[in-house]
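Visitor: Residue numbers (the working numbering), protein chains in the order written: chain A, 397 to 754; chain B, 397 to 754.
Hints were generated in silico from the structure; no laboratory data involved.
Hints are supplied without guarantee of correctness; some may be wrong.
Remember, identical chains collapse to one label, so a pair may be satisfied in a single copy or spanning two.
[Said to hold, decoys possible] When the alpha-carbon atoms are kept at most 25 angstroms apart in a straight line, the in silico DSS-like pairs for lysine-lysine are as follows: (1) K646 / K400; (2) K754 / K721; (3) K471 / K484; (4) K447 / K646; (5) K721 / K484; (6) K703 / K719; (7) K625 / K441; (8) K400 / K703; (9) K719 / K484; (10) K703 / K721; (11) K625 / K400; (12) K721 / K625; (13) K484 / K625; (14) K621 / K447; (15) K484 / K621; (16) K754 / K719; (17) K719 / K621; (18) K621 / K721; (19) K625 / K703.
Just so we're clear, the structure is a prediction, and the values are computed from it rather than from any experiment.
Number of protein chains: 2
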Amino acid sequence: MHKKLYIPGPVEIAPDVYEAMCAPMIGHRMPEYAELHRRVTQHLKCLLNTKDPVFLSTSSAFGVMEGAVRNLVQKRCANFANGAFSAKWHDVTRRCGIEADLFAAEWGEPVTADMVDQALATGRYDAMTLVHNETSTGVMSPLSEIAAVMRRYPDVTFIVDTVSSMSAVPLDPQELGTDVCLAGVQKAFGLPPGLAVFAVARRALEKAKNTPNRGYYFDFEEFEKNDAKDNTPSTPCISLIYALAHQLEKMFAEGLENRYARHRQMADAVRGWVQQQGFGLFAAEGARSLTLTCARNDERTDLEALKRLAAERGYAIDNGYGKIKNQTFRIAHMADFTMADMEELFGLLEELLPRVRK
Amino acid sequence: MHKKLYIPGPVEIAPDVYEAMCAPMIGHRMPEYAELHRRVTQHLKCLLNTKDPVFLSTSSAFGVMEGAVRNLVQKRCANFANGAFSAKWHDVTRRCGIEADLFAAEWGEPVTADMVDQALATGRYDAMTLVHNETSTGVMSPLSEIAAVMRRYPDVTFIVDTVSSMSAVPLDPQELGTDVCLAGVQKAFGLPPGLAVFAVARRALEKAKNTPNRGYYFDFEEFEKNDAKDNTPSTPCISLIYALAHQLEKMFAEGLENRYARHRQMADAVRGWVQQQGFGLFAAEGARSLTLTCARNDERTDLEALKRLAAERGYAIDNGYGKIKNQTFRIAHMADFTMADMEELFGLLEELLPRVRK
Numbered sequence: 397m398h399k400k401l402y403i404p405g406p407v408e409i410a411p412d413v414y415e416a417m418c419a420p421m422i423g424h425r426m427p428e429y430a431e432l433h434r435r436v437t438q439h440l441k442c443l444l445n446t447k448d449p450v451f452l453s454t455s456s457a458f459g460v461m462e463g464a465v466r467n468l469v470q471k472r473c474a475n476f477a478n479g480a481f482s483a484k485w486h487d488v489t490r491r492c493g494i495e496a497d498l499f500a501a502e503w504g505e506p507v508t509a510d511m512v513d514q515a516l517a518t519g520r521y522d523a524m525t526l527v528h529n530e531t532s533t534g535v536m537s538p539l540s541e542i543a544a545v546m547r548r549y550p551d552v553t554f555i556v557d558t559v560s561s562m563s564a565v566p567l568d569p570q571e572l573g574t575d576v577c578l579a580g581v582q583k584a585f586g587l588p589p590g591l592a593v594f595a596v597a598r599r600a601l602e603k604a605k606n607t608p609n610r611g612y613y614f615d616f617e618e619f620e621k622n623d624a625k626d627n628t629p630s631t632p633c634i635s636l637i638y639a640l641a642h643q644l645e646k647m648f649a650e651g652l653e654n655r656y657a658r659h660r661q662m663a664d665a666v667r668g669w670v671q672q673q674g675f676g677l678f679a680a681e682g683a684r685s686l687t688l689t690c691a692r693n694d695e696r697t698d699l700e701a702l703k704r705l706a707a708e709r710g711y712a713i714d715n716g717y718g719k720i721k722n723q724t725f726r727i728a729h730m731a732d733f734t735m736a737d738m739e740e741l742f743g744l745l746e747e748l749l750p751r752v753r754k
Numbered sequence: 397m398h399k400k401l402y403i404p405g406p407v408e409i410a411p412d413v414y415e416a417m418c419a420p421m422i423g424h425r426m427p428e429y430a431e432l433h434r435r436v437t438q439h440l441k442c443l444l445n446t447k448d449p450v451f452l453s454t455s456s457a458f459g460v461m462e463g464a465v466r467n468l469v470q471k472r473c474a475n476f477a478n479g480a481f482s483a484k485w486h487d488v489t490r491r492c493g494i495e496a497d498l499f500a501a502e503w504g505e506p507v508t509a510d511m512v513d514q515a516l517a518t519g520r521y522d523a524m525t526l527v528h529n530e531t532s533t534g535v536m537s538p539l540s541e542i543a544a545v546m547r548r549y550p551d552v553t554f555i556v557d558t559v560s561s562m563s564a565v566p567l568d569p570q571e572l573g574t575d576v577c578l579a580g581v582q583k584a585f586g587l588p589p590g591l592a593v594f595a596v597a598r599r600a601l602e603k604a605k606n607t608p609n610r611g612y613y614f615d616f617e618e619f620e621k622n623d624a625k626d627n628t629p630s631t632p633c634i635s636l637i638y639a640l641a642h643q644l645e646k647m648f649a650e651g652l653e654n655r656y657a658r659h660r661q662m663a664d665a666v667r668g669w670v671q672q673q674g675f676g677l678f679a680a681e682g683a684r685s686l687t688l689t690c691a692r693n694d695e696r697t698d699l700e701a702l703k704r705l706a707a708e709r710g711y712a713i714d715n716g717y718g719k720i721k722n723q724t725f726r727i728a729h730m731a732d733f734t735m736a737d738m739e740e741l742f743g744l745l746e747e748l749l750p751r752v753r754k
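Could you put together the complete structure from these sequences and hints?
Guide: Below, the structure written as structure tokens:
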């Protein structure tokens, strides 16, 4: 039985996306691929309002997250964390043999501009990593405020994971001054997993060229050289790129402002509903994600049982991630979802909750 | 206009593969994914007749080729090459900061057991890389003979790229004693690109654990730990894995011996047709690939013009790779192709060749 996905990625895929994915296969050295590549990367530049290149990586986002630190840390990296994925980035950085320190906020709290300022003021770092929207906790850190601080540290490379926010909220890498702004497509883009996209500032591309042992698969210079020919270093996941071309066209047809408003409206509705049902919100006020809501479980709701009952009805819901599993649950409101999908979930859960509460 | 792909990958995709790719999306932490993962990896173990784990990497094959040297070279690597992709592997190895030497045969010649023996007898190497079927030249090196030599060097890790041979010819990593046997799925497996599969011997997994700075995305220990839970380190390309499950079922339904025989029959037919048309065979006798044939161009055929005319008729054909472009052309006979597809191509080319010959 198909379960409709309300988990925060992979997300539900629209039938027209599958159709786009099944366009006839082409060779990646054929002019047809160059045309597709150019169309997709130009649309991504429009989405991100940037003149910097946007690259396509046949990998999940963590591949590019590893690639970014391999390419851009020459001295020491400050990894800011406030949840599972941002903390994992620190672990990944160290596993590459890169010197790095972890600066961690409590789960549920944002990474703040002050935290960043204090860490970078030590002068020890030439790069930092930040997760804009921490999917494990539903916290969206104040990217603009952090970007303002980063302007005071022009020699510190600014690497931002927008895995679960890109395309759902306005992001302007040039305005923010990010060096790398990356995302996977299985979240807000509404695509099957297997493709990551990332915008890289020119100065970061120059820096990368002087970093030793970058390898090949995630080497930024290779991406740049191949992108100049509307191509990729290795054989790309062509079917997903077809689907991305389609989703980007849908985004512009919807209108980006409408798209952002739709996400805000869904976020408001879910937060309201969560509280109306007697649950708290896990993320601190002012730092709540616009693409997923992390609810704090009360002491009388059996989330495992709720998930099981929902599954029987054809719905996949989440019951928390990592150390806050079953203490929280997350509702995704991103990609192609609309208010009607939210209402459908509320109706289901209102029916099931009384059956799983003590 | 759709062009039927006779290039050596990406290959033509069967409609039923697209259908399989569009199964409803699931979360990779849902039991549905674990079931799919187990089914696919068990079928891959059957295909390769191995009890060693077979991992799924969301990347093209070069990601795993880089990962293999990052995980398994501790001292110095011998890269054996006889074409563009095997030579590139040497470059990739060096870009990872790994000490390595290139041992190159002429393009068109195989890597021989003697070459391997001579290089490894120096005692300088703890790992070697070999491309079984060099796609740029249509040469299949004598893997069994090389494997026999490798038995004399039990301390040298044996890393083999079977990108364009796996599933088209019998491969038995345990019998051969390979440490890594890897492939991309956009060649003989008949799938869209974006997924690589690789069998790793237990002793190689143990060795990897003691190699520093392996990173995360291609870390073999991470693959092993996650595969034990029927999962992957990072979000996998689920749609392609659905399609792989389907293709593996088709392979077993066809029967592996029948599948291998079909590839041999197509290879024989293409070699015969190429010579009948007055072209030579680029690959040395006894080392000709069973999945693609590289024809040596004569001096009177304009391959660019041939490719253009074929394109107008809805066919994508190849006109050589790298330094032998237009001096050679390659015909793929792999994946779901049958003799009927070969006859279709012969008919087309017999009609077009008189128009492009001086």
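Visitor: Does each hint hold? Answer for all of them.
Guide: How the hints compare with the structure:
1. K646 / K400: Classified as within: same-chain Cα gap 21 angstroms, cross-chain 28 angstroms, threshold 25 angstroms.
2. K754 / K721: within (19 angstroms within a copy, 73 angstroms between copies)
3. K471 / K484: within (20 angstroms within a copy, 29 angstroms between copies)
4. K447 / K646: Within one copy only: 22 angstroms inside a chain, 46 angstroms across chains, cut-off 25 angstroms.
5. K721 / K484: within (17 angstroms within a copy, 45 angstroms between copies)
6. K703 / K719: within (18 angstroms within a copy, 58 angstroms between copies)
7. K625 / K441: within (16 angstroms within a copy, 39 angstroms between copies)
8. K400 / K703: within (12 angstroms within a copy, 46 angstroms between copies)
9. K719 / K484: within (13 angstroms within a copy, 43 angstroms between copies)
10. K703 / K721: within (12 angstroms within a copy, 57 angstroms between copies)
11. K625 / K400: between (40 angstroms within a copy, 24 angstroms between copies)
12. K721 / K625: between (46 angstroms within a copy, 18 angstroms between copies)
13. K484 / K625: Between copies, since 19 angstroms is at most 25 angstroms while 34 angstroms is not.
14. K621 / K447: Within one copy, since 16 angstroms is at most 25 angstroms while 41 angstroms is not.
15. K484 / K621: between (30 angstroms within a copy, 16 angstroms between copies)
16. K754 / K719: within (23 angstroms within a copy, 73 angstroms between copies)
17. K719 / K621: Classified as between: cross-chain Cα gap 19 angstroms, same-chain 42 angstroms, threshold 25 angstroms.
18. K621 / K721: Close across copies (21 angstroms), not inside one copy (43 angstroms); limit 25 angstroms.
19. K625 / K703: between (48 angstroms within a copy, 21 angstroms between copies)
No hint from the list above goes unmet by this structure.
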